[in-house]
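*Asks:* Make one complex out of these two single chains by using the hints.
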Amino acid sequence: MMKNFISKLFDQKLRSRTISYLLVIIAFIILQIMSSTGGLSSLLKSLLVPVCCYTVAAIGLNLNVGFSGELNLGQAGFMSVGAFTGICVSGVLASSITNPLLRLIIAIVAGALIAAAMGYIIGIPVLKLQGDYLAIVTLAFGQIIKSLITNMYLGFDENGLHMSFVENKVSLGAGGKMLLQGPMGATGTQRIATFTIGVILILCALTIVYNLIYSKSGRAIMGCRDNRIAAESIGINVANTKMLAFIISASLAGAAGALYGLNYSTLVPNKFDFNTSILILVFVVLGGLGNMTGTIISTTILMLLPELLRSLQDYRMLIYAVVLIVIMLVTNNAFLQTKAAKLRESLIKGKKGAKQS
Amino acid sequence: MVDEKTCMYCVEKVIGSFYNERNFTFCNQKLEMRVEMNYRNLLKGGLAAAMAFTMAACGSNSGSASGSTDSQSSGDAGKTAFKLGGSGPLTGGAAVYGTAVYNALKIAVDEVNAAGDVQFELDFQDDAHDPEKAVTAYGVLKDNGMQMSVLTVTSSPGAAVAPLYDEDNIFAITPSGSSLAVIYADASNKTGSYGNCFQMCFTDPNQGSASAIYLKDHADLGTKIAVIFKSDDNYSSGINDTFQAEAKEIGLDIVYTGSFTEDSSTDFSVQLTQAKDAGADLVFLPIYYDPASLILTQANGMGYAPTFFGCDGLDGLLTLEGFDTALAEGVYMLTPFSADAPDDRTQNFVKKYKDLYGETPNQFAADAYDCVYAIAQALKNGNATPDMSTDELTDILVKQFTSMTYDGVTGESMTWAETGEVTKAPMAVVIKDGVYVGAE
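So the protein lines, in turn, are chains A and B. FYI, our numbering numbers position 302 of the first sequence as 302, with every residue one higher than the one before it. Quick note, our numbering runs 357 ahead of the 1-based positions in the second sequence.
Just chain B, with the same shape it has in the complex (with noise of 0.2 Å):
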């Protein structure tokens, strides 16, 4: 199998042997571009990138052949295995999240189908982390003849395929698109919830809400509490949104609330003055883990040493480049995932995503992961067959969803409202030395 960096080279070679004179020339406010090309260098080139391009076509099909998750194979198996859809970001800015959710998806799967009472066939699709693309993943996953599917990994393409979805009537159940407008048609008023459209993960909301109740049933780890979030990001601003209202309601003690925006994410020194003069102990952080490590930093360089406690936003802190992981000592996180729970199923899952890609899974494997489980217990509760109609499954898998309570690595006892809403216990994690530990 030839890689992608001999394709590179080929490219270039080929590229290269095309110019021999290149002008581009912008006079007289016309775009010109002359190319002399040398014929016999171009056709040596074309021939060298025509042969690359078929030997790494063929390596790629083989080498995912031998899987049983590749999107390619489908052929016969159309009467035997469920086929399960999906889209996510495999290429640009968000690949990361698409990435670990499409390798935990294809761990789940390959385990479901082994285990032998529902067989699935995967077939999941890039869509940049762009809502136009995901539309026509979409139309592409309907072509290929999709019966449910594990929606979108981000937010904006989610909301833009879920009327599709529900337009189609196929079960969906995203791992980690958390913004309200996922589920419901209307999320500003959350009204007209699409009722086949289900979510793996919490809602950006609930996060906030959760994490004012677990401060307050364990007020050891501080009582005057500082909020600095990200004002211009619907992630932390939603999260900030109802953890305010939440600790009002329940009387915590927000003694200081800063807020950053995009273009000012580089110096924390006044909202960390400002919180430290305010005499909090606790630092609320809800939000991503690239300004978080910036704020431990300047934090650690003032001297000022408060509890520090964030959102699943914070999952990556550990792997970000050139990033002290001790200052990340005794940061608490609230995510439904930690990768060193004790129970077997975790541990299982987290040896064979290390074994197999090399790293630790983060809380979006987890829940793509959970997603196939979930959906494969609900199919087998609900006696489905691969040789019905979407609509008939959609309606088991709907009916199994409301009603079925379901165990995994995210969480015990998870249900789901009719709305698509998850409850689940929200679990909180604290970084001791160098790794994940459960807290409580």
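Chain A on its own, in the form it takes in the complex (with noise of 0.2 Å):
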């Protein structure tokens, strides 16, 4: 019965999905007993919630370029909505919830839902187009965005909530708090976040679109990927598929940045950038398009690449390009994939066979 499950666990349909897991939840366990322990340094733990936020919003940006395949260049103008959102609202609960586990959980949903309704707006008319439109649209969303919130003054007193837009003619009663101060962004945030919770962030990311994908709708997903005619002939509605993949992906970039902006005391809206962009895109270029466990291996390899390099000074980030480009290189060579493949197939049979004798 044991065995039965746990070969099933293995099989051609769960195997990724498994180790995708079990990967996250054996790393988790020896981060913790190494933290426990003292055995972790100071700088690998300030790296252990930027790490699952960037996971989590790689694994979102991977559902839409790798099986919905569209090019979204602004993750990182969702993951400041998120982030920015979940600031406010952690600091307007501040005072009324006092438990930090329950307002960060609050403040990452909400995160979650105000990303989505933005990519829900902007995947409306993007998504009844063919081409790569969506690349452009969420461009200039993430310029937006960043120009949007550079410009936007915040502060909450106990009559409520108080904005004006480029200059600051906020003024508050006794008590209040600015949440945004335009350039400055959000400064004062209570650091909230925990690495359990990304942990946890990074599985249920890992669920919502393993269970999507193999899902009617995710096969619908990779339908429009392949072929959007023939999608469109067997009655698919192309622009609700995708619809529901950018969704999904702005919404996990949502949640990745409220816990993002709630690991800080400070966040400046400048942060989320074009380059922000492209780096989430560097982290599932490089895991490989479609690739659940790829993603979260280079993403942490990425992450902690530079800083385990800084002993060599001037020339980390020079290494850290010749690195990049030699693992480009070496994971799109077809000698060496074909030579993985048979590995991975001997591995398999020896273990067929080990059964079956």
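Keep in mind that the hints were calculated from the coordinates and are not lab data. The model shown is predicted, which means the values in this text are computed figures rather than measured ones. Heads up, some of the hints might be wrong.
Under the rule of at most 20 Å between Cα atoms (straight-line distance), these lysine to aspartate or glutamate pairs were calculated in the DMTMM-like manner [stated by the list, open to error]:
| # | chain 1 | residue 1 | chain 2 | residue 2 |
| --- | --- | --- | --- | --- |
| 1 | B | K440 | B | D744 |
| 2 | B | K789 | B | E716 |
| 3 | A | K128 | A | D226 |
| 4 | B | K581 | B | E603 |
| 5 | B | K581 | B | D543 |
| 6 | B | K709 | B | D467 |
| 7 | B | K573 | B | E468 |
| 8 | A | K45 | B | D523 |
| 9 | B | K737 | B | E749 |
| 10 | B | K581 | B | D610 |
| 11 | A | K177 | B | D598 |
| 12 | B | K756 | B | E778 |
| 13 | A | K45 | B | D638 |
| 14 | A | K177 | B | D543 |
| 15 | B | K547 | B | E775 |
| 16 | A | K169 | B | D598 |
| 17 | B | K440 | B | D474 |
| 18 | B | K789 | B | D697 |
| 19 | B | K440 | B | D748 |
| 20 | B | K573 | B | D598 |
| 21 | A | K169 | B | E603 |
| 22 | A | K169 | A | E158 |
| 23 | B | K605 | B | D638 |
| 24 | B | K756 | B | D744 |
| 25 | B | K547 | A | D157 |
| 26 | B | K756 | B | E524 |
| 27 | A | K45 | B | D500 |
| 28 | B | K547 | A | E158 |
| 29 | A | K169 | B | D752 |
| 30 | B | K440 | B | D752 |
| 31 | A | K177 | A | D157 |
| 32 | B | K711 | B | D700 |
| 33 | A | K45 | B | D525 |
*Replies:* This is the structure we're talking about:
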């Protein structure tokens, strides 16, 4: 019974899913043990939550780029929306909900919802079109969000929220608090994000994405990607199907952003610029389009690499770039890919052979 | 030692040899990248690159090991020297500021170590002016056993790491992080100061009120004042707010206030014409030197010659490429540091900086130089020893900083409030014959 269950977990259909979950859970357990025994350096500790955030955003982007086949160049914009929503929600609720865990979860959900709503709004016109229009529009979206938040002043006191644009005209009552201060962004945020919630968020993201792509809607999404005309001919609504993937991608970025925003006491709107969007896209492309395990691994490695190379001083960004190129070449090498495939096959065969005997 | 140029050459060669054929297709909405590689070339190029890097790495190690300030040369020195940490932008857009601070820190630490009373070991990390990177840089510093710190060079990274310094109770003084958020947990209400985070520079609001008071005291510069500020920049609008408030209080005559944003920072003819029509004979520019250079050029073009007065953001006007420095003649600047001050300390610092790095130190460098000396003075007066715990050291340093007076290159008899704000006399400099000269 148990054996059956385990072998089912590792069969063709569920293998990738199981490996992803196991990878995250094992990494979490190891890091928890290291942190409780004091074996974890401050450097690694400070990287735990950001790695979780970027991983969730990258998983979302991979759903959009890898499975839906639509290029999104504004994932950082959605993260930004989620981050500042999360910070504002957490700041407003600070006095009424004292439990930080509950507040964090509410902030993450709020961030995800607002980002999803934004995704829906820009998805309506764009996803009806054929071609790479989504890339252009999301690129613009990221810029618009950045300059909107750069000019937004938002304060909170006992009379409620006060907002002004471009110039700071917000005057607050006693005990009031500025949530957003234009180009300064959010300062004095309570840092309530935890690594455990980050890992749970990754597992949630994986569950959502895997359940989606192995469902009927998921097959429709891939059908639209591979042949739009064929998909339309069998009655699939292409725009709606792509919208589903896009909204889920945006909401995952929003949730990741909320967690990210609540991990730092200060956050400037300029953090989520075009470069951050590209960074997330690099994680996805290096991890492999449609490969969630790869995305998790590549995000972790590429986040850790520049920090671990600090001892090389001036040369560290140079070497980072070279490593990036080398990984690109190696992972896309046909020769190595066939070797790896053969190795995998022989491993599976060996297992089956052992079982039969 | 192999320089970066050689390295870049090797990298180019490697990459060039990889690509015999490169397809980057974007058809059928799938991102595909096919690369055909020539293995012999790959091996050759790879070896060359590997060799270059090994040599470069060795070179950089041996090159910097001669200086006592290298972050790598830790070892057994931990018992005899204080570990002084800090981070700043050594790469990226704000690298000018980070490099200036790092250079000045190296000079100051070498001097203090040579004097013998207090020994420092400097560990300065790159944060690329990014709060996220600053937090990881803080992790690195902590792992390396930092005992006290010069916090960060720029404001928003400083605001991100200040709560961490507070949590771990490590003393920190920033040379140039001028935002209130660096020393207050709740900057908008000016409450909840960290207590262990100090500033060597003026806060942004202080510059505004100090400018207003200076202009009141020096009515000969001009009495009808126009202000042109950048509304979407925190530094500029922060100074403008307090300048206006202070001006109202002490009765300065502000005849015109104009603003611009990042997108409209190329044409100032409207603001200048309005200022001229309002009869302003002094224009206050609480902005950075880039737009200021354009304002000076355009005012000159339309024959408008009021006195221009700015804050420390104008520092850098003279080194701007493609700017006719003759236009900057007679520009006043409120800054705590002037490189031509006649006292020995300033002259010694400026000379050393020029000899080592080939340029005149700016205000950021001077503030950083003072940070090291102020910490050294506090440690010496408090009889601190490097084997003390960080808690003990922080206690001593906070007690010393809030009670001592310090004379440095950026001002005489500075004192610090318990909130971490510095009190020092603002100094005005004026540009004469292409150099800064102390006004007064």
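*Asks:* Are the Cα positions of K128/A and D226/A separated by 20 Å at most?
*Replies:* 16 Å, holds
*Asks:* Is the Cα-Cα distance between K169/A and E158/A 20 Å or less?
*Replies:* Distance ~17 Å between K169/A and E158/A Cα, so the pair holds.
*Asks:* For the pair supplied as a hint, K440/B and D744/B, confirm whether the alpha-carbon distance does not exceed 20 Å.
*Replies:* 10 Å, holds
*Asks:* CA of K789/B to CA of D697/B, is that 20 Å or under?
*Replies:* Status holds; Cα separation ~11 Å.
*Asks:* Tell me if the straight-line CA distance from K709/B to D467/B falls inside 20 Å.
*Replies:* The hint holds at about 11 Å.
*Asks:* Given the hinted pair K177/A and D157/A, is their Cα-Cα distance within 20 Å?
*Replies:* Holds, at roughly 6 Å.
*Asks:* Hint check: K789/B vs E716/B, CA-CA at most 20 Å. Holds or violated?
*Replies:* Distance ~18 Å between K789/B and E716/B Cα, so the pair holds.
*Asks:* Would the hint linking K711/B and D700/B be met if the CA-CA limit is 20 Å?
*Replies:* 17 Å, holds
*Asks:* Under the criterion that the straight-line Cα-Cα distance not exceed 20 Å, is the pair K547/B, E158/A satisfied?
*Replies:* Since the Cα atoms of K547/B and E158/A sit roughly 19 Å apart, the hinted pair holds (cutoff 20 Å).
*Asks:* Mind checking the alpha carbons of K169/A and D598/B for me, to see if they're no more than 20 Å apart?
*Replies:* 11 Å, holds
*Asks:* Below or equal to 20 Å on CA atoms is what counts here, so check K756/B against E524/B.
*Replies:* Holds. K756/B to E524/B sits at ~18 Å (cutoff 20 Å).
*Asks:* Next pair to validate is K547/B with D157/A; report whether the Cα-Cα distance is within 20 Å.
*Replies:* 16 Å, holds
The structure fails hints 5, 7, 13, 29 (numbered hints given earlier, in ascending order).
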